[in-house]
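Student: Here's the letter readout for the chains.
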Amino acid sequence: MAAGLLLSLGLSLATLYLVAFRLRLPAPAALLAMAGLVSSKSFVDYSTSGLENPLTHLLFVLLVAEHLRGHEAAGCDPEAESRRRALRVTFAGWVARAEPTGHHGWSRCHFSCRPMAVCTNTFRGAGKTLVVGFAPLLLWELFAVVYYGFPFPNTAYAKLAAGIPSSELWLQGLATPCPRSRLIPRRCS
Amino acid sequence: MSQITFDPTSLLVIACALVLLVLQRERRTVCARLRDCALSGLHRADWRRLHGRRYFALPLLASALLLALLLREQLGAEGATAYLPAAVMAAAGLLLTVHPTLGANVEYGLAIMPFPKAPWDERGVWR
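Residue numbers (our numbering), protein chains in the order written: chain B, 1 to 189; chain X, 1 to 127.
Just so you know, not all the hints are guaranteed correct.
Derived list of chain B stretches under chain X, where covered just means 3 residues or more per stretch with a C-beta under 8 Å from a C-beta of chain X [stated by the list, open to error]: (1) 28-38; (2) 57-67.
Chain B is nowhere near these chain X residues, computed Cβ spacing over 10 Å in every case [as the list claims (entries may be wrong)]: (3) I4; (4) L65; (5) R72.
No lab work stands behind these hints, which were simulated from the structure alone. Beta carbons are placed, not taken as given, at the ideal position from N, Cα and C, and that holds for glycine.
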């Protein structure tokens, strides 16, 4: 219990460190971001909760930092750019693994995948990067099927068997990757 | 709405970031992705459910980063006034939130919340 809380605390401090020093923000802008974060109960309460939030936050900030670094150095060295892209996909893969039932998973994944799909020259290269980047998720799914007998967390099955017609669930699922879509009405999950 | 009562700072940060994004007409990819994260979180978080606030944490983080990135150039100037937005944000957190996180002591999370016990008040329910 204490180890989990300490780990959460360490990850949250690392997140704040990255926001302060690794996003190349001027000090007042970094302070503004940090003031918003530490004033929020949503962020503070779950930063030491022992849940997956702190890890997700750290990976998310790493993803954003890598994205910014790649944006600033775009066009300098194709090989380095390719490595950065692969790193971004890897972070996205870890985020997807850290919170597989998360409500924001799709947004975070396409955060890195969409620019990569546009920039990568070949489908083969894109496919290889995706497989390597999402290897943690794929390996975990394999382990879950062998060990638990099903690929998704039990909370997913509990929610799927809540009596909601499957036609509605499919529509909601299709709406998930398009947060701005107004075609399909959504409800709070 | 429990989030407005319990943690208005999160909503304030998210709203400021989104409004500023619209006003500045910023089109950088990273800003668009952060906006999507903020919006998707707002859209999907159930504001009254148990652990509902947990789903605001990531949209809040995306919004805080968005806010800092959007104001990066304006706040890059030398001088004490550049620190004013951060001070205003901290003051808003202190003044708007009941039992604010800044300045909290060991009693934070104990039975002093002036709200009825509800599923969204995790600390009140699980003492």
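Student: Evaluate each hint against the coordinates.
Tutor: Checked hints:
1. 28-38: As far as the stretch 28-38 of chain B goes, the hint holds, because 11 residues have Cβ atoms under 8 Å from chain X.
2. 57-67: holds (count 5)
3. I4: Its Cβ never comes within 10 Å of chain B, the nearest being 12 Å, so this holds.
4. L65: violated (6 Å)
5. R72: violated (5 Å)
Hints 4 and 5 from the list above are not met by this structure, while the remaining hints are.
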